[in-house]
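Asks: Starting from the given sequences, assemble the full structure and let the hints guide the process.
Protein chains: 2
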Amino acid sequence: MTQASIITIGDELLIGQVVDTNSAWMAQELNKWGIRVKRRVAVGDVWDEIWQALDEEKKQTDIILITGGLGPTADDITKPLLCKYFNGSMIVDEGARQNVINIFTRLNRPMIERNLKQAEVPDVCTVIPNKRGTAPGMWFEKDGKVFVSMPGVPHEMKGMMETDVIPMLLGKFRFPAIIHRTLLTAGVGESFLAEHIKDFEASLPEHIRLAYLPNYGMVRLRLTATGTEKEQTERDVQTRFETLQSLVKEYMVTNEDEPIEKTTGRILEANNKTMCTAESCTGGYIAHLITSIPGSSAFYKGSVVSYANEIKKDLLGVEAETLQRVGAVSEEVVIQMAKGALAAMKTDYAIAVSGIMGPDGGSAEKPVGTVWVAIGSNQKVEAHKLSFRFDRMRNIQLTTANALNLLRKFILAGN
Amino acid sequence: MTQASIITIGDELLIGQVVDTNSAWMAQELNKWGIRVKRRVAVGDVWDEIWQALDEEKKQTDIILITGGLGPTADDITKPLLCKYFNGSMIVDEGARQNVINIFTRLNRPMIERNLKQAEVPDVCTVIPNKRGTAPGMWFEKDGKVFVSMPGVPHEMKGMMETDVIPMLLGKFRFPAIIHRTLLTAGVGESFLAEHIKDFEASLPEHIRLAYLPNYGMVRLRLTATGTEKEQTERDVQTRFETLQSLVKEYMVTNEDEPIEKTTGRILEANNKTMCTAESCTGGYIAHLITSIPGSSAFYKGSVVSYANEIKKDLLGVEAETLQRVGAVSEEVVIQMAKGALAAMKTDYAIAVSGIMGPDGGSAEKPVGTVWVAIGSNQKVEAHKLSFRFDRMRNIQLTTANALNLLRKFILAGN
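If you're matching them up, the sequences are chains A and B in order.
Anchor point for the first sequence: position 270 equals 284 in our numbering, and the numbering is continuous, going up by one each time.
Anchor point for the second sequence: position 383 equals 397 in our numbering, and the numbering is continuous, going up by one each time.
Among the clues, some could well be false.
No copy labels: a pair is met if it fits in one copy or bridges any two.
The list that follows gives simulated cross-link-like pairs (lysine-lysine, BS3-like), each with its CA atoms no further than 30 Å apart [unchecked claim]: (1) 46 with 327; (2) 145 with 380; (3) 72 with 145; (4) 172 with 159; (5) 131 with 244; (6) 172 with 380; (7) 46 with 73; (8) 399 with 172; (9) 73 with 98; (10) 98 with 212; (11) 212 with 131; (12) 145 with 212; (13) 423 with 212; (14) 186 with 423; (15) 73 with 172; (16) 186 with 380; (17) 212 with 394; (18) 131 with 263; (19) 46 with 172; (20) 399 with 145; (21) 46 with 287.
Just so you know, these hints were derived from the structure itself, not from any lab.
Replies: This is the structure:
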């Protein structure tokens, strides 16, 4: 089986200044085509460490994808290193040079000598054009192994992978089929599910694996099948996936590998309904997740992020007396927020949330992690109390995922 | 110099289903204490691959931190593997057992045999209590090297690192000082900066390194100094950092390693001023970034996420005629949105944005990436046109970062 390694280069990855999102994207992309990523390695901008990583990965895999370290500044040493590693000499690539000039002309920025350095490449590589930036990609071959160096800037790397690297890999290797099928459950834990489906799990053949992926209090179940023939592998996994779905039916949120905001959005769109949000503690995160879906304007109208109590009163019509009497984090207030949002934004459904996300602001009666969620339509508004713990960002994410799932259930219950 | 490796375990990392945020957090934490992370490796839930990663990393570094693969389900093989790797036998740890029971009692969930399996540990490790979950951490020592296995769930790992792992490492090793100082610039590119400060860069001593970190159209400059004595190293880097600041003064946004929302928030708080947002294309992302800062309620009141044009009219007072005549993505509309937001939310400042984030919705006149931003106070509203390209999420992030920087400049200009 042809396997790949991903090497990411940059001190920023090793001091934690940057979260590596490239590797996950690249792995997904490779998987689609049947290429298994065996290892991912991150090393700093240090000559010996990069060299050693190349030596090691080529022992283990056939395809080594490298990102980062291609900038025009002195800390970026990947290009000269690769030139030496593959015994080449630097030459100017005319296409890459023209690309640098075009970019600076278009941006109307002054170009300096250093920018043109980006057009230099080792003469032993195939140049991969960069349509989104100045640093070209480089494809090297040695002892039957392929090494591809790409910029670390995510959208530049993505463009290069899609238009050149993947097609070139498919031209060079033959890949088996890898098929993933994923469903999302809510309301039960990983151990409970594992117990519930243990016979199913034990019955799986060697080439189909089951994984449990807990996230935001929900659990994803993923079946992965490997085979030599795509259609057959798809049929193999489909049969098992249907069995799995029937086993976890009552906990299943969606049988697609998609985030909850997409599931709830699809249901709204299918029913030709609209929604809005009134957000206190989530501070716009629910709106953000929904609007990160292209086309969400079909079902999502907007949000009032009522972080301050005045906004709850002025824009959502929450009564001053209620705020005074029971506080902003209360059943009564979220119900008024949901009703106010429905009235102000004229949608079919509304989500309203108010809670204490931490690290401060908790009390004995309402500790950090206390959240009230209201889900409403023009006929009915219901409220739920949720309790989380720990850190602020996690509480915001948990509140958002749960609120979107509550709206999904509210709609499916016929409201 | 004592160095560390981070090994993350889980097929989800290699198929790209999960972005690894643990490694970045761990690296930051280790750096604070003078521990350099030399390598990060991700491997799947595969016996031989995990084993091999342990073998390799122990050759290269002294501290090997491992996360993931400790769940109660069959795909999690890290614990039995570590038991074998260190020639141990499984025993029940009474503290861990009591912890599992306590958690299930508190959550009021039925506990099954499988949950108690979490309390089994190899008899050759020091157990690290998990105050936030059921899987205990494990500390192994062999040939002077330390191996620490922690759960992959981020908040469980974080709790363990802070309360136990870091103090235990500090008790065992002596670390040099590593000091980072970072500043953020806007408005000029990486190459321009590199040219501008090349003499400074060339003058740096061996033990101080400069890195360029471009992100969202801004560039961070980071100085990293390594030394044996903390105070001296701090003084060394401080002198250079002051020189660097004076060299890039006119482009500098902040001399703290902080995101732009924090910089702008600090200025508002220092001036005792408040702000709000009116967001169309960013869909709540500006509000989310600001409210992700604990204590942001001191300066941030809220947002109207006016994704639909009706919301722009009904809640922000944008005129129907203007929308009809020039469209939602226009100078006139964002100015009306900013004025409407100031009136509705009664703050000192407002940011309003409207644009085309893609992938669809572009036209010849207003291509994808066209954004209008208005920055306003009750005295003055100004509008800026921004042009981005590429993907939706990146356009949302670029718009947000730029809008927050424009507000910062607007305030500092005396508005």
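Asks: Taking the hints in turn, state whether each one holds.
Replies: Quick rundown of the hints versus the structure:
1. 46 with 327: Answer is neither; intra-copy 50 Å and inter-copy 44 Å both fail.
2. 145 with 380: between (53 Å within a copy, 21 Å between copies)
3. 72 with 145: within (28 Å within a copy, 41 Å between copies)
4. 172 with 159: within (22 Å within a copy, 39 Å between copies)
5. 131 with 244: neither (44 Å within a copy, 38 Å between copies)
6. 172 with 380: Between. Shortest inter-copy distance 24 Å satisfies the 30 Å Cα cut-off; intra-copy 45 Å does not.
7. 46 with 73: Intra 24 Å, inter 34 Å, cutoff 30 Å: intra-copy only.
8. 399 with 172: Close across copies (27 Å), not inside one copy (42 Å); limit 30 Å.
9. 73 with 98: Result: close both inside a copy and across copies, 19 Å intra and 25 Å inter.
10. 98 with 212: Between. Shortest inter-copy distance 25 Å satisfies the 30 Å Cα cut-off; intra-copy 53 Å does not.
11. 212 with 131: between (59 Å within a copy, 15 Å between copies)
12. 145 with 212: The answer is between: 28 Å across copies meets 30 Å, while 49 Å in one copy does not.
13. 423 with 212: within (27 Å within a copy, 60 Å between copies)
14. 186 with 423: This pair counts as neither: shortest intra-copy Cα distance 48 Å, inter-copy 52 Å.
15. 73 with 172: Cα proximity of residue 73 and residue 172: one copy only (26 Å, versus 34 Å across).
16. 186 with 380: Neither, since 61 Å and 41 Å both go past 30 Å.
17. 212 with 394: Cα proximity of residue 212 and residue 394: none, with 40 Å in one copy and 66 Å across.
18. 131 with 263: The answer is between: 27 Å across copies meets 30 Å, while 58 Å in one copy does not.
19. 46 with 172: within (14 Å within a copy, 33 Å between copies)
20. 399 with 145: The answer is between: 24 Å across copies meets 30 Å, while 50 Å in one copy does not.
21. 46 with 287: For residue 46 and residue 287, neither the intra-copy (33 Å) nor the inter-copy (51 Å) Cα distance is at most 30 Å.
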